[in-house]
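Sequences listed follow chains A and B, in order. Residues in the first sequence are numbered from 1 upward in steps of one, following my numbering. Residues in the second sequence are numbered from 287 upward in steps of one, following my numbering.
Hint data in this document are derived by calculation from the structure and do not stem from the laboratory. In this text, all values refer to a predicted model and were calculated from it rather than measured experimentally. Not one of these hints is a red herring.
Capping the alpha-carbon separation at 25 angstroms, the derived lysine-lysine pairs in BS3-like fashion look like this: (1) B:K524 - A:K192; (2) A:K192 - B:K547; (3) B:K393 - B:K535; (4) A:K249 - B:K568; (5) B:K535 - A:K282; (6) B:K547 - A:K261; (7) A:K37 - A:K129; (8) B:K478 - A:K238; (9) B:K510 - B:K478; (10) B:K483 - A:K249.
What the simulated footprint calls covered on chain A by chain B, stretch by stretch (three residues with Cβ under 8 angstroms from a Cβ of chain B suffice, anywhere in the stretch; the number is not a length): (11) 163–170; (12) 186–198; (13) 236–248.
Where is the CB? At the ideal position from N, CA and C, for every residue including glycine.
Protein chains: 2
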Amino acid sequence: MRIGFIGTGVMGSGIIANLLKHDYDLVVYNRTKEHAKDVLNLGAKWADSPAQVARASDVVMTMVGFPQDVVDVYCGQNGVMKAVKPNQLLIDLTTSKPSLAQNLAAKATQRGAFMLDAPVSGGDIGAQKGTLTVMVGGDRDQLNQHLALFHAFGQTVRYFGPAGSGQHAKMANQIMIAGTMTGMCECLAYAKAAHLKLDEVLATVNNGAAANWSLANYGPRILKDDYTPGFFVKHFVKDLRIALDEAAKMHLQLPATDQAKRLYEQLMQQGDSDDGTQALIKLWWK
Amino acid sequence: MRIGFIGTGVMGSGIIANLLKHDYDLVVYNRTKEHAKDVLNLGAKWADSPAQVARASDVVMTMVGFPQDVVDVYCGQNGVMKAVKPNQLLIDLTTSKPSLAQNLAAKATQRGAFMLDAPVSGGDIGAQKGTLTVMVGGDRDQLNQHLALFHAFGQTVRYFGPAGSGQHAKMANQIMIAGTMTGMCECLAYAKAAHLKLDEVLATVNNGAAANWSLANYGPRILKDDYTPGFFVKHFVKDLRIALDEAAKMHLQLPATDQAKRLYEQLMQQGDSDDGTQALIKLWWK
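Okay, chain A solo, but in the shape it has when bound (with noise of 0.2 angstroms):
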């Protein structure tokens, strides 16, 4: 089956190699030329835009990074809807709006073809060991019969209804760490402001009813100055935006997921957008 991939970034390459493996033919497109270079060498074939890409295809898979990024490589001058053919099927992985999923499968659909919304979560350990969580929206028919391709790259693959499904329940995934993030940086502050060891105090916290899996795998490294991105600042915020515009849609407030918000733009004000989520603890230890 040939594989058309729009995205290659670190979470995109990683996807790209599993298929590769699993010896699906890959066609690729990125913005960057250059970043395609990795999956090229791996035997991607290139191609010039999102609309070739949807021609030397079977499937369509896109992974690239902001709303407006998706908006661009299926509805831009040589997106991917140019070249939509009757019965193929569209894959966005990208963590995106669900209103935008809904907007994309409607257009899918009026071209006879198929729009399913994917996003993942496993960052980019993930997407290289081909564990992913796959959080899958739209028609269930379509996933079933490509469970072989989403099982490539992904360890749990679930449905969870219509188009737009996949993407809220990334954002029911987001919402719950931005509680275990904003929680970890404010029980860290407070313990070195009272002058507690901190490894004692990770150690103390993790092993009962405060377990996390932030605490467990950020806290070490907040302790190391660490701030290297296993998830960047920029793309949480877009993230946390994109939650509490769907609230509000829905006349839902998230207080605490306001806040973490809030604490989260102050860090990109500061200029860490390209630090990983980690780094709030910046706020307080400057």
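Given the coordinates of chain A, assemble chain B onto it according to the supplied hints.
Just chain B, lined up with the frame of chain A:
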């Protein structure tokens, strides 16, 4: 060794049962004698006041509700401080104010005695099983001399520094939990509003970078509308108020913890003080 124990609530009774199992002699007092019935049946002796408990024992332990209860028990008319003996060790297990712990330790020193602050985590189940985590502040030699006593009810016993440090470590723990609880409830509120299947959201979100103890343990209870207390709302509000007061004294802002406190206060104003902390979801699911 004769242990005096003041406070035979759920936590205190569990700890007393473990001390009796380890062949310590117990003398107990509780504001409401009726609630001491179970431990008296197990072999503990009754004393008529905190002062009487201090007279009849080598080490005095206290596990009461609020900082004012700690003040009453130690400094009241028939309080522990009225009868404390030279070299006697006093241990407060209540989660209370670091500044109060320092104040009481100073009072003990004036009387030639010793005092440790040693709040615990692990809940009623940890108290029953003897698997609590104990966070200790005060005289390190006193802790080392009484390690066997601490390990009769605590699996992990950790020393954090001078008087008040045990309370500070516990505050760091509660600040972290404020993040996991608010994150979990807003995650579930969002997922429900988006018409996702909540059991699948729990399974997915708890499978990756958002994973945490609250979600794993309280998430399923919320889905069953089970708000019975593992940990009371009123006690969590007390803890968060202490944490934020102490932070303010250290000129430290904790906006996410402050938001969590305001949400839990709102829950208390609705009349849900005696529910478990997972009842926070009621702010969204009326």
